[in-house]
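Chemist: Chains as they are written, first to last, in this note's numbering: chain A, 1 to 414; chain B, 1 to 414.
Hints are not guaranteed to be accurate.
For chains that are exact copies, the list does not tell them apart, and a pair is met inside one copy or across any two.
Stated by the list, open to error - Once the Cα atoms are required to be at most 30 Å apart in a straight line, the calculated DSBU-like pairs of lysine-lysine come out as:
| id | residue 1 | residue 2 |
| --- | --- | --- |
| 1 | K344 | K71 |
| 2 | K391 | K55 |
| 3 | K348 | K304 |
| 4 | K366 | K55 |
| 5 | K299 | K33 |
| 6 | K366 | K31 |
| 7 | K373 | K33 |
Bear in mind the hints are in silico, worked out from the structure with no lab data behind them.
Number of protein chains: 2
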Amino acid sequence: MESNIKFIDGGVVAPQGFLASGIHCGLRKNKIKKDLALIFSKNGKECTAAAVYTKNIIIGAPIIVTKKHLKLKNGTAKAVICNSGIANTCNPDGIEKADLMCKLTADILEIDESDIIVASTGVIGAVLPIEPIQNALPLLKEALGDTKEAGEDAATAIMTTDTRKKEYAIEFILDNKPARIGLIAKGSGMIEPNMATMLSFITTDVDISSEILQNVLTDVIQDTFNMISIDGDTSTNDMVSIMASGLCGNKKIIEQNSDYNKFREALYIICEKVSRFIAFDGEGATKLLECKIINANTKQDAKKLAKSVIKSSLVKSMMFGADANSGRILCALGYSGIDFDPEKINVKLKSSAGEISTCVNGFIIKIDEDKAKEILSQEIIEIIIDMQTGKENSVAWGCDLSYEYVRINGDYRS
Amino acid sequence: MESNIKFIDGGVVAPQGFLASGIHCGLRKNKIKKDLALIFSKNGKECTAAAVYTKNIIIGAPIIVTKKHLKLKNGTAKAVICNSGIANTCNPDGIEKADLMCKLTADILEIDESDIIVASTGVIGAVLPIEPIQNALPLLKEALGDTKEAGEDAATAIMTTDTRKKEYAIEFILDNKPARIGLIAKGSGMIEPNMATMLSFITTDVDISSEILQNVLTDVIQDTFNMISIDGDTSTNDMVSIMASGLCGNKKIIEQNSDYNKFREALYIICEKVSRFIAFDGEGATKLLECKIINANTKQDAKKLAKSVIKSSLVKSMMFGADANSGRILCALGYSGIDFDPEKINVKLKSSAGEISTCVNGFIIKIDEDKAKEILSQEIIEIIIDMQTGKENSVAWGCDLSYEYVRINGDYRS
């Protein structure tokens with residue numbers, strides 16, 4: 001089934017029916033850093049839409065407004081507006097500003113303000129000045145396009161401390177039609193669990209009902225975005241949204257049939273790809289860590305164990321130093337809150353430089369330190385942990401903890 | 001009641017009835033670093049004893065052996081033996097080695113091996129060579145003394161990445177007699193929650209039953225050692241033990257009466273003191289963070305909220321950079337798992353340089369950045385969070401996240 005799924009160039013404008021743009025409006029001091037992005041359904045066509053949000057109790061004003069809009073419009077939307085630089089969270093006038101941002105965008109696009117998904121990312125507690133956005137909107141509209149460049153502009157405008165833009169597109173056959181999914185995302189610090197300071201805007205030309213779209217998005221996110229951890233912090237502003245234009249021409253997906261499964265698989269693959277990349281591009285990261293738990297008793301156990309390892313500051317630090325101190329991996333499993341038999345644990349470390357077994361049946365074994373150092377000196381490190389008691393597997397992604405992380409976060413606002 | 005409690009010089013030999021020593025036996029390469037400590041009840045007198053252990057599922061062999069001994073001897077003990085450098089955990093021969101360490105110590109002290117509390121701290125998974133310990137025991141016994149120096153030797157011998165030795169002693173009046181509690185501890189990395197890689201050995205000359213001693217130790221630890229977090233990791237080898245010689249001459253405490261309360265208060269004060277110091281001396285720490293939650297609905301809520309803030313890598317990094325980014329504090333409260341009203345939160349930052357309000361009723365307010373910078377540039381920072389809904393308070397201690405933490409943990413074993 002997977003064979004007909006292939007990555008293609010581009011991002012949110014790769015699927016039929018979408019335009020995008022991104023410009024510098026002035027919320028950020030650095031004039032070459034774009035800070036305002038727009039995604040628009042061509043000709044204001046109504047798309048089915050769904051979203052998943054942060055589980056933090058303190059939530060950004062834009063999330064409150066987006067939730068309201070998707071509810072008002074019964075799971076449809078026509079545009080996404082997103083600024084970077086300021087999170088518009090914990091301000092007395094946050095909702096007012098988010099509403100105004102939608103109203104101004106709606107006016108210029110000639111749609112309803114409740115057709116808009118709004119997002120903000122950046123410093124919490126800073127007041128969002130609306131003038132730069134208001135002044136930039138005509139230009140932002142004018143810049144809308146379906147070219148590679150237009151999509152890239154939107155991808156770069158949502159970045160904060162990301163070092164690389166995150167955009168992907170995928171093509172697959174659905175109901176004998178070529179269907180596409182496109183995606184832009186921002187990640188970096190404060191990602192975990194349940195998607196902290198992570199934004200992703202997904203588009204697709206698949207025809208699918210709002211309800212089913214919400215189901216599949218929620219489902220896929222559990223195993224992808226929610227399995228990333230950069231530093232254990234969960235942000236107030238995370239959101240993944242998806243808009244479906246329906247223009248690929250497939251028979252509308254309204255139930256969990258084989259077309260649903262094909263769409264789910266494609267969505268999973270693109271979300272997994274960006275999740276790994278977000279982890280790899282974590283603040284200050286020099287390495288991608290991929291923790292695979294195999295043969296756990298339950299899926300939930302496997303997930304919690306994988307997350308516990310990937311979140312451990314001591315595991316992250318040892319990976320930065322390429323020091324195969326497996327005791328720290330066992331230790332992180334041990335305080336995960338999951339009950340298991342310590343004397344069944346096998347641990348392997350793996351990378352492009354090879355594979356080494358470091359723990360067998362709960363006991364740490366003597367290893368070739370030079371070989372281990374070489375394995376851990378690569379950019380992508382797999383930590384494979386066999387619980388030997390069940391049949392459930394899970395993967396979590398993270399990164400190492402570096403001097404650079406501390407530098408970035410010691411003085412983020414300046 | 002507090003007035004008659006005073007700190008005095010010394011550590012575990014300050015209370016009547018205890019000897020201590022610490023030497024370099026060779027488990028560590030650095031010959032000037034002591035690595036083996038002994039505490040012994042004078043003349044092998046039986047002490048009542050109690051201990052609290054790590055909650056990690058993977059537990060060090062010494063803990064298994066200590067538990068066994070305290071059970072066998074119905075909550076009594078005569079000596080503590082502790083090495084640093086190697087944790088003796090996750091090795092196939094761990095229990096055998098811990099047993100042997102006790103047997104050799106018992107032989108030389110002419111007591112039963114089950115009279116011994118044994119502990120190890122250091123690298124997990126390395127095999128513990130017994131010869132250096134065996135060879136050093138005669139000298140360790142000979143070095144036993146009740147002088148300030150002897151107590152200090154024991155305090156330094158249990159240190160790992162600690163930069164400063166941790167020993168305290170306290171004197172108070174109990175049943176009209178001067179009573180004492182003495183303590184040595186090691187802390188540093190991987191401390192949280194429930195006392196990770198934290199060892200503390202406490203002595204007292206109070207006369208108290210084993211059962212009541214266990215109660216009071218467990219109780220006090222909840223609000224002291226268990227409220228420290230250095231990096232969110234919980235170690236496999238943590239233990240706090242206490243031995244009571246009964247030599248101060250008080251009427252034996254066998255129930256929760258007023259003498260119990262006096263003893264509890266003194267124990268709390270000394271444990272709080274060392275907990276703060278352990279946090280301050282966390283790996284790479286430049287600052288002590290003290291998070292005070294006030295007016296929460298329940299004690300449990302207050303504790304979880306305080307721990308969530310103190311554990312946040314983003315909060316820790318901003319403190320390192322002296323950047324008053326209160327959004328991160330709110331964010332950490334928001335993902336603590338505790339339900340609360342975001343619009344009631346007040347946050348103040350306080351230090352010897354003054355106090356500043358940064359968040360009022362859930363909204364971040366504009367602050368004097370220079371003043372905030374000065375406040376956060378001090379060594380001890382209080383984060384005071386008023387939930388404004390209940391009456392329960394809690395304090396947690398932590399430290400900032402520095403370049404030095406990453407350096408230490410990137411290459412701990414070398």
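Chemist: Run every hint past the structure and note whether it holds.
Modeler: Evaluated hints:
no. : hint        : in the structure
1   : K344 x K71  : between (49 Å within a copy, 27 Å between copies)
2   : K391 x K55  : both (29 Å within a copy, 26 Å between copies)
3   : K348 x K304 : within (19 Å within a copy, 34 Å between copies)
4   : K366 x K55  : between (42 Å within a copy, 27 Å between copies)
5   : K299 x K33  : neither (41 Å within a copy, 46 Å between copies)
6   : K366 x K31  : between (54 Å within a copy, 25 Å between copies)
7   : K373 x K33  : between (38 Å within a copy, 27 Å between copies)
When held up to the earlier numbered hints, the structure conflicts with hint 5 and nothing else.
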